[in-house]
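Student: For reference, the chains in residue letters:
Number of protein chains: 2
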Amino acid sequence: MAVYTEVSDDALAVFLADYAIGDLVAFRGIAEGVENSNFSLRTTGGDYILTLYEKRVDPADLPWFLGLMDHLAEHGITCPRPVHGRDGVALRQLCGRHAAITTFLPGVWPRRVRPEHCGPVGEALAALHLAGADYAPTRRNALGPEGWEPLLERSLRGASGVAPGLGAELVAALNRILAAWPQGLPVGHIHADLFPDNVFFLEGRLSGLIDFYFAATDILAYDLAVCLNAWCFEADLSLNVTRARALCRAYAAIRPLSAAERAALPVLCQGAAIRFALTRLYDWINTPAGALVTRKDPMEYVRRLRFHLEARDEHAYGL
Amino acid sequence: MAVYTEVSDDALAVFLADYAIGDLVAFRGIAEGVENSNFSLRTTGGDYILTLYEKRVDPADLPWFLGLMDHLAEHGITCPRPVHGRDGVALRQLCGRHAAITTFLPGVWPRRVRPEHCGPVGEALAALHLAGADYAPTRRNALGPEGWEPLLERSLRGASGVAPGLGAELVAALNRILAAWPQGLPVGHIHADLFPDNVFFLEGRLSGLIDFYFAATDILAYDLAVCLNAWCFEADLSLNVTRARALCRAYAAIRPLSAAERAALPVLCQGAAIRFALTRLYDWINTPAGALVTRKDPMEYVRRLRFHLEARDEHAYGL
Numbered sequence: 390m391a392v393y394t395e396v397s398d399d400a401l402a403v404f405l406a407d408y409a410i411g412d413l414v415a416f417r418g419i420a421e422g423v424e425n426s427n428f429s430l431r432t433t434g435g436d437y438i439l440t441l442y443e444k445r446v447d448p449a450d451l452p453w454f455l456g457l458m459d460h461l462a463e464h465g466i467t468c469p470r471p472v473h474g475r476d477g478v479a480l481r482q483l484c485g486r487h488a489a490i491t492t493f494l495p496g497v498w499p500r501r502v503r504p505e506h507c508g509p510v511g512e513a514l515a516a517l518h519l520a521g522a523d524y525a526p527t528r529r530n531a532l533g534p535e536g537w538e539p540l541l542e543r544s545l546r547g548a549s550g551v552a553p554g555l556g557a558e559l560v561a562a563l564n565r566i567l568a569a570w571p572q573g574l575p576v577g578h579i580h581a582d583l584f585p586d587n588v589f590f591l592e593g594r595l596s597g598l599i600d601f602y603f604a605a606t607d608i609l610a611y612d613l614a615v616c617l618n619a620w621c622f623e624a625d626l627s628l629n630v631t632r633a634r635a636l637c638r639a640y641a642a643i644r645p646l647s648a649a650e651r652a653a654l655p656v657l658c659q660g661a662a663i664r665f666a667l668t669r670l671y672d673w674i675n676t677p678a679g680a681l682v683t684r685k686d687p688m689e690y691v692r693r694l695r696f697h698l699e700a701r702d703e704h705a706y707g708l
Numbered sequence: 390m391a392v393y394t395e396v397s398d399d400a401l402a403v404f405l406a407d408y409a410i411g412d413l414v415a416f417r418g419i420a421e422g423v424e425n426s427n428f429s430l431r432t433t434g435g436d437y438i439l440t441l442y443e444k445r446v447d448p449a450d451l452p453w454f455l456g457l458m459d460h461l462a463e464h465g466i467t468c469p470r471p472v473h474g475r476d477g478v479a480l481r482q483l484c485g486r487h488a489a490i491t492t493f494l495p496g497v498w499p500r501r502v503r504p505e506h507c508g509p510v511g512e513a514l515a516a517l518h519l520a521g522a523d524y525a526p527t528r529r530n531a532l533g534p535e536g537w538e539p540l541l542e543r544s545l546r547g548a549s550g551v552a553p554g555l556g557a558e559l560v561a562a563l564n565r566i567l568a569a570w571p572q573g574l575p576v577g578h579i580h581a582d583l584f585p586d587n588v589f590f591l592e593g594r595l596s597g598l599i600d601f602y603f604a605a606t607d608i609l610a611y612d613l614a615v616c617l618n619a620w621c622f623e624a625d626l627s628l629n630v631t632r633a634r635a636l637c638r639a640y641a642a643i644r645p646l647s648a649a650e651r652a653a654l655p656v657l658c659q660g661a662a663i664r665f666a667l668t669r670l671y672d673w674i675n676t677p678a679g680a681l682v683t684r685k686d687p688m689e690y691v692r693r694l695r696f697h698l699e700a701r702d703e704h705a706y707g708l
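Respectively, the protein sequence lines represent chains G and S. The numbers in the first sequence follow the numbering used here, run straight up by one, and end at 708. The numbers in the second sequence follow the numbering used here, run straight up by one, and end at 708.
Next up, chain G with everything else stripped away, as it sits in the complex (with noise of 0.2 Å):
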């Protein structure tokens, strides 16, 4: 759930007075998202979502976030739009955050991943990846490489009581990655957390992404070694083989990847599957009790690491 700041109606109309949408018809907290506060918001203009940042987000990206969802839309991908007010500034201010509106997306993203849901997914990050490429600000990845070892050091304390030894496993394994993380690979904007609940679906095609505040400038086939960890394992976590060739087939088909891309596949899987355990674990430890937010089990992602530290080579993943 998301609804971290409650906007009073006196809050809520002086917002509005700025932008030229309509008059307010209906205002929900939204239930998905664990990083803001979002409401679903009607006016007598359409349907829009409002954003308020919270803690996690840092202000001074804001204006890059935006402005990348600005630019995508531009160039064809579905995703939120950010709605400008009268004044031409989207990003504000609202009961003590900063906030903006975006277009509402029709679809439903999947609560049960199909093949069939994989493809699509390929497809799209492909073509993101391609539309961000005349996006000239660039912002570094935060949770990419750099940012696990201090991470992980925050963690380690509390790691014993998640699993025996967990904490050693995690620093052997990041040793390993980090001294095989690939140089020289293609760079380009990624949306770096394309799970199901942020994709979209229509009539069983794929309708629009959206939550794009992790994404950054980073290695493009991280983002599909990203989409690879939250698509194409099973509830038991093993890798359906057959979704992963889907998604990296469909992926390539729109953006060949390179022998180097390929080869790097495992590493980069290893290291999104890392990203994610660590960044589970670091809520599980400092989740307070009776938090709003539902604490997602670490150990999904270091089973997917330990299948992925077994991966000899590309044709683990059906390539």
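Calculated from the structure, these hints are not laboratory results. Worth double-checking, as some hints may not be accurate.
Restricting the straight-line Cα-Cα distance to at most 20 Å, the calculated cross-link-like pairs of lysine to any residue (SDA-like) are [said to hold, decoys possible]:
| # | chain 1 | residue 1 | chain 2 | residue 2 |
| --- | --- | --- | --- | --- |
| 1 | G | 685 | S | 685 |
| 2 | S | 685 | S | 501 |
| 3 | S | 685 | S | 556 |
| 4 | S | 685 | G | 395 |
Given the structure is predicted, the values throughout are model-derived calculations rather than measurements.
Since the structure of chain G is provided, determine the placement of chain S on it from the hints.
Tutor: Coordinates of chain S only, in the frame set by chain G:
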């Protein structure tokens, strides 16, 4: 927040096939509500709310609730209307839960109550009481006076952890309330939970009432007492007499209050305050750490209770 049950795409598709409301366009969890899982559902036919009834609701009561909503909607009350399937059935099963689709009501609930809200709430409550008069089935109020003693007993062990002496204070107050509980006042169907988050406003007018899942057959003026507690106290828990007067006068203009009902207001308000103090206390003590629900402070209603115990007569409420 409230999404306790995830609905898979397949299950949703099968479920919707039983309705003639068009094709799925969007489906999102709603953050509001603490008892059930609620989703905003858009189809090519319009907007709806899908509710999955969770453990707190007795399935045996659901036909009564849905029947009441149907009845009230037919009698001019703007409330969610159960949508009946192709077979005429409104109450179905989804993901192992009882589930129903209701119509979507435009409007926004007031995050900050102003005196101007209270008149319309009083009018709407009285209209609800009149409209319910010829709905024949009845429902015992499980959270009425008979339910308070068992609820207190199950919370006594943890009460002193919330505030020193709280258990003894509540035992004494409850004895006094039950001894003075009025007999023979007019009875009917009451909403029993008409808090600000269950009342929508649009352009300054009351646009609808929602969440009838605490409704029951009980003393009508007790419902007004619930509203006095819910709408008429300041953040510092002092009574705002302007709001109380607006609420009661508007109510009485539609459904006149007898002298006996007026005289009973202090004890009815005491009862309403202890009812919410007791359920909040129970939840406070019994909500597991890390649960999705924000616990609400029972002391907010203990302090209202203290106010009502001091009230000499109905003049304390500006009548």
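Student: Each hint should be assessed against the structure and marked as holding or not.
Tutor: Going down the list of hints, with the structure as the test:
no.: 1; hint: G:685 with S:685; result: violated, 24 Å
no.: 2; hint: S:685 with S:501; result: holds, 17 Å
no.: 3; hint: S:685 with S:556; result: holds, 18 Å
no.: 4; hint: S:685 with G:395; result: holds, 15 Å
Hint 1 from the earlier list is the only one contradicted by this structure; the remaining hints agree with it.
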